[in-house]
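Construct the entire structure; sequences and hints are all you get.
Residue strings, one per chain:
There are 4 protein chains.
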Amino acid sequence: MDKQTNIQELKELVKKFCEDRDWDQFHGAKDLSIGIITEASELLEHFRFKPKEEVEKLFEDLKKKEEISKEMADILYFLLRFAQKYNVDLTTALTKKMQENEKRYPLFKAKGSNKKYTELE
Amino acid sequence: MDKQTNIQELKELVKKFCEDRDWDQFHGAKDLSIGIITEASELLEHFRFKPKEEVEKLFEDLKKKEEISKEMADILYFLLRFAQKYNVDLTTALTKKMQENEKRYPLFKAKGSNKKYTELE
Amino acid sequence: MDKQTNIQELKELVKKFCEDRDWDQFHGAKDLSIGIITEASELLEHFRFKPKEEVEKLFEDLKKKEEISKEMADILYFLLRFAQKYNVDLTTALTKKMQENEKRYPLFKAKGSNKKYTELE
Amino acid sequence: MDKQTNIQELKELVKKFCEDRDWDQFHGAKDLSIGIITEASELLEHFRFKPKEEVEKLFEDLKKKEEISKEMADILYFLLRFAQKYNVDLTTALTKKMQENEKRYPLFKAKGSNKKYTELE
Numbered sequence: 176m177d178k179q180t181n182i183q184e185l186k187e188l189v190k191k192f193c194e195d196r197d198w199d200q201f202h203g204a205k206d207l208s209i210g211i212i213t214e215a216s217e218l219l220e221h222f223r224f225k226p227k228e229e230v231e232k233l234f235e236d237l238k239k240k241e242e243i244s245k246e247m248a249d250i251l252y253f254l255l256r257f258a259q260k261y262n263v264d265l266t267t268a269l270t271k272k273m274q275e276n277e278k279r280y281p282l283f284k285a286k287g288s289n290k291k292y293t294e295l296e
Numbered sequence: 176m177d178k179q180t181n182i183q184e185l186k187e188l189v190k191k192f193c194e195d196r197d198w199d200q201f202h203g204a205k206d207l208s209i210g211i212i213t214e215a216s217e218l219l220e221h222f223r224f225k226p227k228e229e230v231e232k233l234f235e236d237l238k239k240k241e242e243i244s245k246e247m248a249d250i251l252y253f254l255l256r257f258a259q260k261y262n263v264d265l266t267t268a269l270t271k272k273m274q275e276n277e278k279r280y281p282l283f284k285a286k287g288s289n290k291k292y293t294e295l296e
Numbered sequence: 176m177d178k179q180t181n182i183q184e185l186k187e188l189v190k191k192f193c194e195d196r197d198w199d200q201f202h203g204a205k206d207l208s209i210g211i212i213t214e215a216s217e218l219l220e221h222f223r224f225k226p227k228e229e230v231e232k233l234f235e236d237l238k239k240k241e242e243i244s245k246e247m248a249d250i251l252y253f254l255l256r257f258a259q260k261y262n263v264d265l266t267t268a269l270t271k272k273m274q275e276n277e278k279r280y281p282l283f284k285a286k287g288s289n290k291k292y293t294e295l296e
Numbered sequence: 176m177d178k179q180t181n182i183q184e185l186k187e188l189v190k191k192f193c194e195d196r197d198w199d200q201f202h203g204a205k206d207l208s209i210g211i212i213t214e215a216s217e218l219l220e221h222f223r224f225k226p227k228e229e230v231e232k233l234f235e236d237l238k239k240k241e242e243i244s245k246e247m248a249d250i251l252y253f254l255l256r257f258a259q260k261y262n263v264d265l266t267t268a269l270t271k272k273m274q275e276n277e278k279r280y281p282l283f284k285a286k287g288s289n290k291k292y293t294e295l296e
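Chains as they are written, first to last, in our numbering: chain A, 176 to 296; chain B, 176 to 296; chain C, 176 to 296; chain D, 176 to 296.
To be clear, the hints were calculated from the coordinates, so they are not data collected in a lab.
Watch out, some of these pointers could steer you wrong.
[To be verified] No farther apart than 30 Å at their CA atoms in a straight line, the calculated lysine-lysine pairs in the DSSO-like style are these:
hint, chain 1, residue 1, chain 2, residue 2
1, B, 227, C, 290
2, C, 225, C, 290
3, A, 291, D, 278
4, A, 272, B, 240
5, C, 272, C, 178
6, A, 178, B, 271
7, B, 245, B, 191
8, A, 245, C, 245
9, B, 232, B, 286
10, B, 271, A, 232
11, B, 178, B, 286
12, A, 238, D, 178
13, B, 290, A, 245
14, A, 245, B, 178
15, D, 239, D, 225
16, C, 239, D, 278
17, C, 284, C, 271
18, C, 191, D, 178
19, C, 232, D, 260
20, D, 291, B, 291
21, C, 227, A, 191
22, B, 238, C, 227
23, A, 178, A, 286
[To be verified] Pulled from the structure, derived: some chain D residues nowhere near chain A, Cβ distances all over 10 Å:
hint, residue
24, 229
25, 260
26, 295
[Stated by the list, open to error] With beta-carbon atoms standing in for the labels, derived distance ranges:
hint, chain 1, residue 1, chain 2, residue 2, range
27, B, 227, D, 190, 21 to 29 Å
28, B, 271, A, 292, 30 to 38 Å
29, C, 286, B, 184, 48 to 56 Å
30, D, 283, C, 187, 21 to 29 Å
31, C, 286, D, 178, 29 to 37 Å
32, B, 291, A, 267, 27 to 35 Å
33, B, 290, C, 241, 18 to 26 Å
34, A, 287, D, 241, 23 to 31 Å
For glycine and all other residues, C-beta sits at the position ideal for the given N, C-alpha and C.
Structure follows, in C-alpha cells:
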C-alpha cells in the first residue's frame, strides 16, 4: 500500500476523522506533540530491558509485530495531524532535512560510525 | 509535494542514506525507537512552558516554523527507517488503526470530547 | 515522610528490590533511561488534550491524584536505581546544576519569563 | 551527600529557586511533566545507537559522567518541583509503589526475568 498512497491522502484521512469529531479545539501543537511522544513511548516500551536478539525475535511473532505496527501507526497519525493542521509539507521537510544530513554526515566521515555529527572528526 | 509523493519513495530515500553509511548495524528496533522518541522530545520542547496563544504565534514566524518542521522531519525519518527495516507497511498499519479508532471513538460518544476511549461513556 | 528520609535510604530500598530479583543484568544505563522516559510518558499522558483548568481539577480527585503520584514514584524508582547503580550522588548533581541554573537564569533576566536561557536577553 | 539530605530539603531548594523567579504561573502539572520527559530524553540521547560496552565506557570518562549526572539532576529538579507544587510526598508514593511491585513481581516469578508483570506466569 505504501507504494500507492501519497502523503496527502493520509493527511486527508486523519483530517476527516478528527474534524468529524470536532477535535480541532484540542489539537494544538503542544498536545499533538504530546500525542507523538506518548505513542513513541509505547513503541519503545516493547523493547525495554530486552537484549538485541530478543528484540529481533519479537518481529517473528505475527501478533507481536502487529502490535508494534499499531504503535507506529499511532505516531504517524499524530504526525500527519500536526502537519495537516499547521500546514507543514512533510515531503519538503524531510527532503530538506536529508540534504542537511548529507552535509552533517558526509560518507568519508560517517560510514560505519555511530557518532553524532557534532562528535564526528 | 505531499500530493506527489508516496511513502515508499520516502522509505527508499531514507534506506539509501542509511545503507550508504553502513548504518544497518546500529539500526535495531530499540535504537530506532529511541531515535523517534528523542526527536519527538525536541519537537515538544519548542512548546514547553508556553501558553496556547504563544504556541500558535510560533507558526507565524517563518524561521521558527522551519525549525519545527525539521523536528517533524527527524521523527518521520526514524519512523520510515524503522518501517523500511522491519518491513512494516505504514499505510496498512494506519488504515487498520483508523478502523479500530472508528470503533473506539464512535461519533455519538466522541464528538467534542477530549476523553480517552477507555473513559468514554 | 519526605522530611525524614534521606536519598541514600531510598537508593538502598530500590537496590535491594532489584538485587533480590537478579535484575543487575538488565539494568544498564540505556534501559534504565528507557525506564525513566516511558514512565515520564505515562505521567504526561494523564494531561494529554486537557486544558489547564481540567488538569488542576485532577488533583482534587483523590483516586486520580494517587494514580499520578504512582507515575511519579515510577520515575523516581528508575532515577534512584540509575544513580545507585552508576554511583551518582543525586544531591551533589542537583546542587551543582542549581548553581549553574542560577547563572543561566539570573533574577533580573529570568523573573516572570518563560524563556529558555539561550533565548533570554 | 545523599546520606545527609532528605527529599524535603531538595524540594525547598527547588521551590525557592522557582518562586524567586515568579515561575509558579508556568509550572502547571502538564508543563512540569513536559519538563521531566524532555530532560529524560536528553539523558537517553547519550546512549542512542551505542552498544552496551560503549555505554558502560561512558562512565569511565569523568567529563561524560558529569554530563550524564547533570541530565539526571534536570529530571530530579522537575520531579521535585512537581511534587512540591502539587503536594505529593515522594517517599510515601515510592514506598507504596514498591509494595505494589512486591506483589506484581514476586521473587519466585520475577527472579532473573526481564518480563513485565503482565507477562509473568
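These are the hints, each one checked on the structure:
1. At roughly 15 Å between alpha-carbon atoms, residue 227/B and residue 290/C fall within 30 Å of each other, so this suggested pair holds.
2. Taken as a hint, the residue 225/C and residue 290/C pair is honoured in the structure, with Cα atoms around 23 Å apart against an allowance of 30 Å.
3. Distance restraint check for residue 291/A and residue 278/D: the Cα-Cα separation of roughly 42 Å exceeds the 30 Å cut-off, and the hinted pair is therefore not satisfied.
4. As the CA atoms of residue 272/A and residue 240/B are separated by approximately 14 Å, the hinted pair is consistent with the 30 Å bound.
5. Under the criterion of a C-alpha separation no larger than 30 Å, the hint pairing residue 272/C with residue 178/C is consistent with the structure, at around 22 Å.
6. This hinted pair checks out: residue 178/A and residue 271/B have alpha carbons roughly 17 Å apart, not beyond 30 Å.
7. For the hint linking residue 245/B to residue 191/B, the alpha-carbon distance of about 20 Å falls within 30 Å, and the restraint holds.
8. Annotation: proposed proximity of residue 245/A to residue 245/C holds, straight-line Cα distance about 27 Å (limit 30 Å).
9. Proposed proximity of residue 232/B and residue 286/B is supported: the alpha carbons are some 27 Å apart, at most 30 Å.
10. Between residue 271/B and residue 232/A the CA atoms are separated by roughly 23 Å; this keeps the pair inside 30 Å, and the hint holds.
11. Pair hint residue 178/B plus residue 286/B holds up; C-alpha atoms about 29 Å apart against a cutoff of 30 Å.
12. For the hint pairing residue 238/A with residue 178/D, the CA-to-CA distance comes to about 48 Å; that exceeds 30 Å, so the pair is violated.
13. With a CA separation close to 20 Å, the supplied pair residue 290/B and residue 245/A stays within the 30 Å bound.
14. Distance check on the hinted pair: residue 245/A and residue 178/B sit about 24 Å apart at the alpha-carbon level, within 30 Å; holds.
15. With a CA separation close to 14 Å, the supplied pair residue 239/D and residue 225/D stays within the 30 Å bound.
16. Taken as a hint, the residue 239/C and residue 278/D pair is honoured in the structure, with Cα atoms around 21 Å apart against an allowance of 30 Å.
17. About 21 Å separates the Cα atoms of residue 284/C and residue 271/C, which keeps this hinted pair within 30 Å; it holds.
18. Between residue 191/C and residue 178/D the CA atoms are separated by roughly 17 Å; this keeps the pair inside 30 Å, and the hint holds.
19. Taken as a hint, the residue 232/C and residue 260/D pair is honoured in the structure, with Cα atoms around 14 Å apart against an allowance of 30 Å.
20. Distance hint between residue 291/D and residue 291/B is fulfilled; the C-alpha atoms sit about 24 Å from each other, no more than 30 Å.
21. For the proposed pair residue 227/C and residue 191/A, the alpha carbon gap of about 27 Å is at most 30 Å, so the pair holds.
22. With a C-alpha separation of about 29 Å, the suggested pairing of residue 238/B with residue 227/C holds against the 30 Å cut-off.
23. As the CA atoms of residue 178/A and residue 286/A are separated by approximately 29 Å, the hinted pair is consistent with the 30 Å bound.
24. With 10 Å as the threshold on Cβ separation, the claim that residue 229/D sits away from chain A is violated: the shortest Cβ distance comes to roughly 8 Å.
25. Residue 260/D, annotated as away from the interface, keeps every beta carbon of chain A farther than 10 Å; the closest lies near 19 Å.
26. Residue-level check passed: residue 295/D sits 13 Å from the nearest beta carbon of chain A, beyond 10 Å.
27. At roughly 27 Å, the beta carbons of residue 227/B and residue 190/D sit within the given window of 21 to 29 Å.
28. Our hint of 30 to 38 Å for residue 271/B and residue 292/A holds, since their Cβ atoms are close to 36 Å apart.
29. Take residue 286/C and residue 184/B: their Cβ atoms lie about 51 Å apart, and the range 48 to 56 Å holds.
30. Between residue 283/D and residue 187/C the Cβ separation comes to about 23 Å, which falls inside the hinted range of 21 to 29 Å.
31. Checked against the given bound of 29 to 37 Å, the beta carbons of residue 286/C and residue 178/D, roughly 35 Å apart, stay inside it.
32. Checked against the given bound of 27 to 35 Å, the beta carbons of residue 291/B and residue 267/A, roughly 33 Å apart, stay inside it.
33. Against the hinted window of 18 to 26 Å, the Cβ-Cβ separation of residue 290/B and residue 241/C comes to about 20 Å, which satisfies the hint.
34. Evaluation of the 23 to 31 Å hint for residue 287/A and residue 241/D yields a pass: the beta carbon distance comes to about 29 Å.
The earlier numbered hints that this structure contradicts are 3, 12 and 24.
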